[in-house]
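Single-letter residue listing:
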Amino acid sequence: MSMPFYVAPEQVMKDRADYARKGIARGRALVAVRYDDGIALVAENPSNTLRKISEIYDRIAFAGVGKYNEFDQLRVAGVRAADLKGFQYSRDDVDARSLANQYAQILGQIFTHEMKPMEVEILVAEVGAHGADDQLFHILYDGTVMDERQYSVLGGDAEAINGRLAEVDAASLTLAGAVRAATKALSGPDRSLAADDLEVAVLSRSNGRRCFRRLTDDEVAGHLQS
Amino acid sequence: MPFFTPGDDPGSNFPELLRRVGLGPQDAALASAAAAGGRLDVPHATTCVALRYTDGVVMAGDRRATSGNLISHRTMEKVVQADRHSGVAIAGAAGPAVEMIKLFALQLEHYEKVEGQALSLEGKANQLSMMVRGNLPAAMQGMVVVPLFAGYDLLRRTGRLWSFDVTGGRYEEFDHAATGSGSLHAGTVVKVGFRDGMSRDEAIDLACRSLWEAADADSATGGPDALRGIYPVVATITADGWQRLDDADLAARYQTIAQMAREQMGEVRSR
Chain A
1 MSMPFYVAPE QVMKDRADYA RKGIARGRAL VAVRYDDGIA LVAENPSNTL
51 RKISEIYDRI AFAGVGKYNE FDQLRVAGVR AADLKGFQYS RDDVDARSLA
101 NQYAQILGQI FTHEMKPMEV EILVAEVGAH GADDQLFHIL YDGTVMDERQ
151 YSVLGGDAEA INGRLAEVDA ASLTLAGAVR AATKALSGPD RSLAADDLEV
201 AVLSRSNGRR CFRRLTDDEV AGHLQS
Chain B
1 MPFFTPGDDP GSNFPELLRR VGLGPQDAAL ASAAAAGGRL DVPHATTCVA
51 LRYTDGVVMA GDRRATSGNL ISHRTMEKVV QADRHSGVAI AGAAGPAVEM
101 IKLFALQLEH YEKVEGQALS LEGKANQLSM MVRGNLPAAM QGMVVVPLFA
151 GYDLLRRTGR LWSFDVTGGR YEEFDHAATG SGSLHAGTVV KVGFRDGMSR
201 DEAIDLACRS LWEAADADSA TGGPDALRGI YPVVATITAD GWQRLDDADL
251 AARYQTIAQM AREQMGEVRS R
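Which chain is which? The protein sequence lines are A and B, in order. For what it's worth, the UniProt record's numbering labels the leading residue of the first sequence as 1, then goes sequentially. For what it's worth, the UniProt record's numbering labels the leading residue of the second sequence as 1, then goes sequentially.
Certain hints may be false.
Claimed, not checked - Cβ pair distances, simulated, as ranges:
1. L184/B with G222/A: 37 to 45 Å
2. A221/A with Q259/B: 52 to 60 Å
3. A25/A with D240/B: 28 to 36 Å
4. S90/A with R19/B: 19 to 27 Å
5. R97/A with A258/B: 25 to 33 Å
6. R97/A with L184/B: 24 to 32 Å
What the hints assert, rightly or not - Which stretches of chain A does chain B cover? Using the computed rule of at least three CB atoms under 8 Å from a CB of chain B, they are:
7. 6 to 15
8. 26 to 40
9. 100 to 107
The hints are simulated quantities; they were obtained by calculation from the structure and are not laboratory data. No residue lacks a Cβ here, since even glycine has one placed at the ideal position from N, Cα and C.
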């Protein structure tokens, strides 16, 4: 009879985390920045059809980096959970915190119980009625949830991008300023990103019931130039 | 959070998702309850019209709901925005109708979010037709819901409208349609006054006039209520989306219509 080798649980968790981190680091990064009228989400994404940023509910957006099929599955699950809750109770009862907790449960469960962890990092952003109520929940591959204030960085090279964003005065950004700051942080000092390398969307307080809106390449180019 | 395996996934179908999580529509329960106790006396909604004009469509509906010969509600909204480029108008049993519209609007939004793009206008009409058909058992017990669906077709760049029957039959109308107890009168007014290529103002005036005449002849249709400041819901749908007219605008239009009616009657009396 063959005995399986003993592997310490610390080692198992470390191997899984390394595996997930490597997968995420391969992908391009994404940034969310708060501005005076809401939250701007900017991703480095040359594709015009495979989205990293999308709408979940009236005031809530989803963004994911890493393996596309995995975060897209999470996105659809989020849309379903939000629509079901809004149908069962009221539209006002759908909130980002509850969604973030559900995501954390699923990711944590998969991280410990499945063969392979999900190679994703996701963001659940909610725009409040006032700026003070804006929320950014950053959720990692193992279900770790972080509640972030002014900005959030997901994906490969996050540390360097975080450093570049920390220098920006985020207190009074306009939309154009936020898009510029996010793009600069994503590109770094050695290269520049054009509008068609980017996927940009906003959760804007002044956009009616559904706050989510995608920006066209022309709009993004305008913001980058201004 | 609902998670499904590939192959077992309800896709972008919201009603199916509701069934899968045990929140499915209770049509069957409603129908059997009605069957057990005979006909339920529930509030009914009446008279909506829709017509095409150069830039899109106009939809209009009165505000009255009736239970038998009593007015049960004075400010019901039977013309409702379904999404950015379409609207629904309903006549029939108020409870199931309002629930149907709520579910329909949710389904359009759910599809748009899951798929990343909105349904085509024809797809939306087809979806509504299936919902009306799903209501057939309840309709057999008197819970009839007969909607009108209208919207702006972004692919064909024109306004389009559909009428339905109880069985979910879906009929595209070229120029105008009416539904509900006052639809004979309202529909006739629209039919007589309709011209191809009407302007926005002409189309709105015609829709308002048609509801006025329906309210004049049908007790279940509510006219403009200047005392309480209640006016029909009138909305236009164009390439720029849904736009509902405000009450001040409607009050002015109905004042003109009332003046015209007064003049007509003066002529009759002086004869």
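To see whether the hints hold, each was checked on the structure:
1. The hint said 37 to 45 Å for the Cβ distance between L184/B and G222/A, and at roughly 54 Å that hint is violated.
2. Separation of A221/A from Q259/B is about 54 Å and conforms to the stated range, judged on CB atoms against 52 to 60 Å.
3. Range check, A25/A to D240/B: Cβ separation about 45 Å, and the 28 to 36 Å hint is violated.
4. Here the CB-CB span from S90/A to R19/B is close to 21 Å, well matched to the stated 19 to 27 Å.
5. A beta carbon spacing of about 54 Å between R97/A and A258/B contradicts the range 25 to 33 Å that was offered as a hint.
6. Here the CB-CB span from R97/A to L184/B is close to 54 Å, at odds with the stated 24 to 32 Å.
7. With 0 residues having a beta carbon nearer than 8 Å to a beta carbon of chain B, the region 6 to 15 of chain A misses the requirement of three or more and the stated coverage is violated.
8. Counting residues of the region 26 to 40 of chain A whose CB lies closer than 8 Å to any CB of chain B gives 0, which falls below the minimum of 3, so the coverage claim is violated.
9. Beta-carbon proximity to chain B at under 8 Å applies to 4 residues in the region 100 to 107 of chain A; the threshold of 3 is reached and the given coverage holds.
Violated hints for the displayed structure, listed by number in ascending order: 1, 3, 5, 6, 7, 8.
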